[in-house]
Amino acid sequence: MENLIALLVAAPLLGAAVLLCGGRRLDRAGHWLGTLLAAASFVVAVVLFTDMLGKGAEDRALHQKLFSWIPVEGFQADVAFQLDQLSMTFVLLITGVGTLIHIYSIGYMEHDERRRRFFGYLNLFLAAMLILVIADNYLLLYVGWEGVGLASYLLIGFWQHKPSAATAAKKAFLVNRVGDMGLSIAIMLMFTTFGTFAYGPVLEATGETSEGKLTAIGLMLLLAACGKSAQVPLQSWLGDAMEGPTPVSALIHAATMVTAGVYLIVRSGAIFNAAPDAQMVVVVVGAVTLIFGAIVGCAKDDIKKALAGSTMSQIGYMILAAGLGPIGYVFAIMHLVTHGFFKAGLFLGAGSVMHGMNDEVDMRKYGGLRKYMPVTFVTFGLGYLAIIGFPGLSGFFSKDKIIEAAFAKGGTEGWILGSVALLGAAITAFYMTRVMLMTFFGEERWRRTATPSPDAPDVEPAAETRGEHAEPHPHESPKSMTIPMIVLAFGSVFAGGFFSIGDRFLHWLEPVTGHDHGDAPIGASTVTAATMVALVIGVAIAWAMYGRKPVPVAAPRGSLLTRAARRDLLQDDFNHVVLVRGGEHLTRSLVYVDHTLVDGVVNGTAASMGGLSGRLRKLQNGYARSYAVSMFGGTAVLIAATLLMRAV
Amino acid sequence: MSFPLLTATAALPAIGAVATAAVPAARRTAAKWLGLAFSLGTLVLAGIALARFEPGGDRFQLTESHAWIKDFGVRYELGVDGIGLALMALTALLIPFVILAGWHDADPLETNSSRWRPTQGFFALILMVEAMVILSFEATDVFLFYILFEAMLIPMYFLIGGFGDRAHSGSDENAAAQRSYAAVKFLLYNLVGGLIMLAAVIGLYVVAGSFSLSEIAEARANGSLSMATGTERWLFLGFFFAFAVKAPLWPLHTWLPNAMGEATSPVAVLITAVVDKVGTFAMLRFCLQLFPEASKWATPVILVLALISIVYGALLAVGQRDIKRLIAYASISHFGFIILGIFAMTSQGQSGATLYMVNHGISTAALMLVAGFLITRRGSRLISDYGGVQKVAPVLAGTFLIGGLATLSLPGLAPFVSEFLVLVGAFAAYPAAGIVATTGIVLAAIYVLVLYQRTMTGPVKAEVQGMADLKARELVVVVPLIALLLFLGVYPKPLTEIVNPAVQHTMSDVQKKDPQPEVEAAK
Amino acid sequence: MTGLAAAASQTSTGEAVQFWVLGTVAVIGALSTVLMKKAVHSALSLAGTMIILAVFYLANGAYFLGIVQIVVYTGAIMMLFLFVVMLVGVTAADSLKETIKGQRWLAAGCGLGFGVLLIAGIGNASLKSFNGLGTANTVHGGNVEGLASLIFTKYVFAFEITGALLITATVGAMVLTHRERTERAKTQREMSEERVRSNHLPPLPAPGVYARHNAVDIAGLLPDGTPSELTVMNTLRKRGQMRDVSQESLAGLKALEQRSGERLGRDTEEEEVAK
Amino acid sequence: MNPVNYLYLAALLFTIGAAGVLIRRNAIVVFMCVELMLNACNLAFVTFSRMHGNLDGQIIAFFTMVVAAAEVVVGLAIIVSLFRSRHSASVDDASLMKL
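Residue numbers (numbering that gives the first Met the number 0), protein chains in the order written: chain S, 0 to 647; chain Y, 0 to 522; chain W, 0 to 274; chain D, 0 to 98.
Mixed in with the good hints there might be a few duds.
Restraint ranges, calculated between C-beta atoms of paired labels, are given here [said to hold, decoys possible]:
no. : chain 1 : residue 1 : chain 2 : residue 2 : range
1   : S       : HIS62     : Y       : ARG320    : 50 to 56 Å
2   : Y       : LEU187    : S       : SER588    : 22 to 28 Å
3   : S       : MET644    : W       : VAL26     : 30 to 36 Å
4   : Y       : LYS492    : S       : HIS62     : 19 to 25 Å
5   : Y       : ALA36     : W       : ALA163    : 56 to 62 Å
6   : W       : THR98     : Y       : ASP106    : 53 to 59 Å
7   : S       : LEU642    : Y       : ALA175    : 55 to 61 Å
8   : W       : GLN187    : D       : HIS86     : 27 to 33 Å
Don't read these hints as lab results, they were simulated from the structure.
What you are looking at is a predicted structure, and each value in this text was computed from that prediction instead of being measured.
For glycine and all other residues, C-beta sits at the position ideal for the given N, C-alpha and C.
My request is simple: use the sequences and hints to build the entire structure.
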């Protein structure tokens, strides 16, 4: 069985290699090959999963060492895989959702001449993501970590001819690099502290070192998680990442890659458990992002960017849960999985809508689409219900647990966190209802001629480059696109219930992450009731604002908060002014300094030497008599020296 | 007496240089093939040397020793340890690619036939450089090394000054002036360094009475040689200065961007990937081995300079408008990493630094050569003159991206292994240094991706329209380099195996032990 | 000369008188060698100094050298100098104005310092007594025989080499001054034909104007009063030693006319009125 | 009087000769000054010969004369050929080494 683990990675990796190096010959069959290999990986995952189910809870972890990677004195890095329940969960999610999105992409990317390459990148992503989750040490995790970053970079910038896409891709990679810096420092700290960076030895030895060290490691890991999972303050790239094709947004920027940060924190649970300060920071980051993402999601008119804000917010939930320690680990992962289903479904739905609307992304130019694309409407609607936590659907179970766990943290913190989580639930209900109403209900605004809206400049260029200005003819998407949506809708509806009933998911993961019930100050039912109230309030406000009144095509000016939220709460502007502009000035002045000062000192030395030589050269006037004087003077000096020497 | 393999490895390209130069002017193509054949022959010999080397054996292997100048105790002594062997192999490996990439760089200019370009000379000079560099990696006699260290400036000077990049802005005269400025700057910087080193070499002879590395080491071991602290420091500084110029270390770096910018890209590769490595190699070989105490004494200052190099080089790379100068500043940043690894004086740092030398050679060669192909097509070195190349020449763009990703040390490609080892090694000994150096990886991402974005993506510029994708010859150059980057990124063990023992020797020379992990130390 | 080897510290008074008188003259001669404007004068001063030195040689018991000094040095070498001075130009007076900045001061400084040092060195040396040449000169039966026995025994090789040196120098001088003929020498016929063709069939005009200036280096005046270079010998022309007196003589003529006019009582005003 | 005075005289003449070499520009005069220096040396040699009661000094003086003769021959030949080509006997005009 162990030997199958490598196969998980090998299949998509092979696909990537063949598709990217294969050349035009594979253009016609490339997408099938890519999908097939993704599916093969999924099959292997299922085989491994069934095998794992057949074993006792403690014997489930599999381990496979392939070869010694970097053998240097005192530093052993192996290419070795570890497949335990946590990894298995991710592997199933990644390969499962991944395969579905491959299928979806066959239809979605049908008219793109570079479809083969797209599938190559997707396969590359799958391989990297799988390495990330099944690595048995942090260094190999780092490989996967950067690998998904690369795949994300390539896929966001897939339409490279658009400057906005290229810029967004670059931005995503750079922001992620800041996070990666944290991860590499964390690994270095582990190496100097524990002498290794394999999960087993590190996580077992947390008791043998100081809390300060562990806090440092924890914070650095958090920095990494912030980068990858788009948490404040490194969240700015996710919105821009929507420049990528929609399947990419669904797979990478909703279901899998962005949740890697949660995986990292849960995986390093032992470190965080022993470093309460670091945990505190994790919780704060999660809570802040939860609200931040939600607010941004409320203000965006671009359907994908609204969903991106939502993703940020939902991952905030997961990070919050992960920061709660053993109380929340399992629920963080559970929400991660259910979120994977419904958010992927939502994105695919959004992609389907765009597909039918000439790639228009501005929701103000949608409206009343439910008649034209019924399958999309139903699947999107189910995803919507799941995400706002409609009772009985996936989101209800997983989010409810997190809110409960937040209260269960205890003390003032518990109350604050719980309230924040409840507030987040309300806002979620609001913005998702807004999306739903603006897209599928109300007046068919797309029939009106499009007028450019000056207040939303970030929307306009995208619309211009993507689609023609012809009036759209909304239509349902082909089967290859709707089937994955239907499958994901199933997941959105039933996964939560399946996991929660009988605490199946808890028992599955508990051996790896551990679990603690905490001491909830209020009962579970109270929390559920409060959540329901929040939900109803959110939906009601959204209905009042967007359901009853017609939605203007041109975005209104809006309040100060709205305008700020449209610009990602100005955080991006801050980055731009401080980091980009500041960096430009810094580098420009450094170039100047290098040229004038560093080079100048040397050139100045050379020039003064030249000047001195010029003076000396004048002595060489070519007149024999001058030379004779020098000789004569020299002789005199020599004689004087001799006499002096003798006198002395 | 066994076959003098090391001498042969250096002699073959030297013979090749003479043979290539002797080809009649009309038979230009024959000269190219001849040069390529000799470089490949050298590669074969280097391969044999790799095969004959036993990682667990003596420190210096395949040794040769002959008296040379008896009066001064100068000997012709050769021998390689893992470090020298790895770099020798790198040199032998890169030269065929350099020759292939520069296949047309020295052709006569069609437009202006009055300007004669000695094609034969170009390839002969490249082979000459190869011979000298290889021999300098093999020399275990300080004097012999010094002579080679200086002598390789001569062919390099002519390569930089005589065969400039045809892509330049402004008039031909202006470009020629720039080129000769760059060549003279290169020569002067390195000459000044070399002369200071000469003083130190003489000083060493006065103090130690020998030029032989092994004799000095032996004398030091059995206590018959003990240098006064002050003397050792001065000698160390003399050696180090020369190597720091060559490497180059901030603030002695300004010759590199000029030289790399003005030279043709194969020559730029020769400078940064091959010749500059002699500087960092010599720090490991001579500075640490001959002056261990002084090396430790100077470590704090050198580490600070290395860190400045890393950050400063990267920041300047971000600010460049010229593709080749950008790569040059990136190299300065990378040399900072190498020096950081050497002077961190931990096993990981030094192994990392050695791997770094090899990997940086390959990755820069890949990036620079592809950049050269790009520049040749468009005839401009300015980043702003490009845009949308990806659309018209996807393979070129793809290989350029891979070269760039190697430069920013993406895991899975060879430079990551070495960079991470250097960082870990530096962090273990000096945590602050490790953290500052880590910012280098973010900055590297900035300059690489900005370069890629501005040249390759976006709308296709009119001048770029119709640009041809990579040709077969160019693919032959790039693909093996990329394959090697991938291979060494995934499986660097063959390299670490030969490097590790040498690093352990160096560590025992400086009498340093790796810092113990906190947890194990507690036990 | 007593012929004894006994060391003495004083010479005879006669020699002392001779030294002080002739020494003064020698120094004056040396100084005028350096300071005279004309090379001929310098040469003559030098010859004088050399003759005085010859006397000193004799006084010091170096009879052979003294004679050689007069015969060979003053007689032959100095004459060689005079020949060259003649070749190069006797009248080419050397301007004593210094052209190299600071050269004179440097030279003076160096000379002074050097002289002081030399004299100090000699003064420092303990040379209170001397042996005299009595014994040395008599051993071989005289000064010349003594020198001969040394030259042909101890210094024979050096002597032979000086011989070689002289030969080489002679050959060298010939080579240096020899001008290679690059074309065939013209025959008399060719020269005459050339002469006919050059429109100068009659002899060239003679140099000199008026009776006062008939020297060969003065150009003859053309009717309009300008000098004609043709009248002066080629060699002098090339050396730049051609003297131009046309203006001078015209001015002189005018003065003469004026003076004679005054004497004859001619009135200048009258002249003006006439004009 | 002590014969040392001859030495003082020789030193004086030598210095005057040297100064002449430095000051004069006419190559012939320069040569004459060189001759003056040589003669001063000869005087010193002859004086030494007397002081030490030894003929070797005179021999050296003799050789000096021979060498001086050879030197004059070659030197004057050079001056003549220089004069022929440049129409000048000034040593300053032969300053091709300048820059």
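**Structure versus earlier hints, numbers of those that do not hold, lowest first** = none
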